[in-house]
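Novice: Sequence:
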Amino acid sequence: MKSILIIGMGKFGHHLCKNLIDLGNDVMIVDKAEEKVTDLIYQVTNVQIGDCTDPQVVKSLGVGNFDIVFVCIGANFQNSLEVTSLVKEMGAKYVISKANRDVHAKFLLRNGADEVIYPDRDIAVKLAKRCSINHVFDYIELDDEYSIYEIALNKDWVGHSIMELNFRQTYGVDILGVREGDKTNISPSADYVFQEGEHLMVLASEEKINALVKHI
Numbered sequence: 010m011k012s013i014l015i016i017g018m019g020k021f022g023h024h025l026c027k028n029l030i031d032l033g034n035d036v037m038i039v040d041k042a043e044e045k046v047t048d049l050i051y052q053v054t055n056v057q058i059g060d061c062t063d064p065q066v067v068k069s070l071g072v073g074n075f076d077i078v079f080v081c082i083g084a085n086f087q088n089s090l091e092v093t094s095l096v097k098e099m100g101a102k103y104v105i106s107k108a109n110r111d112v113h114a115k116f117l118l119r120n121g122a123d124e125v126i127y128p129d130r131d132i133a134v135k136l137a138k139r140c141s142i143n144h145v146f147d148y149i150e151l152d153d154e155y156s157i158y159e160i161a162l163n164k165d166w167v168g169h170s171i172m173e174l175n176f177r178q179t180y181g182v183d184i185l186g187v188r189e190g191d192k193t194n195i196s197p198s199a200d201y202v203f204q205e206g207e208h209l210m211v212l213a214s215e216e217k218i219n220a221l222v223k224h225i
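The sequence shown lines up with residues 10 to 225 when you count with this note's numbering.
These are calculated hints, taken from the structure and not from any lab test.
Watch out, some of these pointers could steer you wrong.
Think about it this way: if two alpha-carbon atoms lie no more than 25 angstroms apart in a straight line, the pair counts; the simulated PhoX-like pairs of lysine-lysine are [stated by the list, open to error]:
1. 97 to 41
2. 135 to 102
3. 45 to 11
4. 20 to 45
5. 115 to 97
6. 115 to 102
7. 97 to 135
8. 45 to 27
9. 11 to 138
10. 115 to 223
11. 115 to 27
12. 138 to 68
13. 115 to 164
14. 102 to 41
15. 45 to 115
16. 41 to 27
17. 27 to 11
18. 135 to 223
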């Protein structure tokens, strides 16, 4: 569990807040518009109404007491930049700021952000990639080369073990888990036998995953 401050309660801030609460974190939220925080009053640890471009407002928040400070101001880049700089100057341990463009990210990183996120861009990239590769249900990008993919199971693999199929040598990917519904068998043994309806979680390069799904 972490102590988290979210500044800016637009749509992204709301989704972020609710998910952080569901994961058991202590969350404080701030926005200059009261109507943007009223629905969360009884869910968060604390609520403050104020303009965080004002140094006195930021000082009153005690930003140094939080493990992470999120700056989720998307509509006004100047305000986002000012708030990012202020919270870092006043002792924030780790600042994550929301950006809409690459040029914004560069300025945010130079002015106090430890990390910059692009929610809209990241969702678009992920959706485009998932929809462009047949039989891929989800994926997590690890770096420029490798990702973890959730893929369908070839019907010809059903009833055969990982060892029997010589999976890694044949397809050049690593099986990290086997999923059926909401349950995932992490790091299945070599003698694990595939069952109908299962999905595979595999670590692979884009080249290898494109070759693998041709067999599904």
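Novice: Would you mind marking each hint as holding or not holding in the structure?
Specialist: Hints and how they fare:
This hinted pair checks out: residue 97 and residue 41 have alpha carbons roughly 19 angstroms apart, not beyond 25 angstroms. Between residue 135 and residue 102 the CA atoms are separated by roughly 29 angstroms; this puts the pair beyond 25 angstroms, and the hint is violated. Proximity of residue 45 to residue 11 is assessed by CA-CA distance (about 23 angstroms); at most 25 angstroms being required, the pair is judged to hold. At most 25 angstroms may separate the alpha-carbon atoms for a hinted pair to count; residue 20 and residue 45 meet this at roughly 9 angstroms.
Distance check on the hinted pair: residue 115 and residue 97 sit about 16 angstroms apart at the alpha-carbon level, within 25 angstroms; holds. Taking the CA atoms of residue 115 and residue 102, the gap is about 20 angstroms. The hint holds against a cut of 25 angstroms. Among the hinted pairs, residue 97 with residue 135 is inconsistent with the structure: their alpha-carbon atoms are about 31 angstroms apart, more than 25 angstroms. Our distance criterion of 25 angstroms between C-alpha atoms is met by residue 45 and residue 27, whose separation comes to about 14 angstroms.
Of the pairs offered as hints, the one joining residue 11 and residue 138 is violated, with about 32 angstroms between alpha carbons and a cut-off of 25 angstroms exceeded. For the suggested pair residue 115 and residue 223, the alpha carbons sit about 40 angstroms apart, so the restraint of at most 25 angstroms is broken. Annotation: proposed proximity of residue 115 to residue 27 is violated, straight-line Cα distance about 28 angstroms (limit 25 angstroms). Of the supplied pair hints, the one linking residue 138 and residue 68 is violated, its CA atoms being roughly 43 angstroms apart against a limit of 25 angstroms.
Restraint check for residue 115 and residue 164: not satisfied, since their Cα atoms lie roughly 48 angstroms apart, outside the 25 angstroms limit. About 23 angstroms separates the Cα atoms of residue 102 and residue 41, which keeps this hinted pair within 25 angstroms; it holds. About 28 angstroms separates the Cα atoms of residue 45 and residue 115, which puts this hinted pair outside 25 angstroms; it is violated. The hinted pair formed by residue 41 and residue 27 meets the criterion: a straight-line CA distance of about 19 angstroms does not exceed 25 angstroms.
For the hint linking residue 27 to residue 11, the alpha-carbon distance of about 14 angstroms falls within 25 angstroms, and the restraint holds. For the given pair, residue 135 sits about 20 angstroms from residue 223 by alpha-carbon distance, which is consistent with the 25 angstroms threshold.
Against the hints set out earlier in the document, violations occur for numbers 2, 7, 9, 10, 11, 12, 13, 15.
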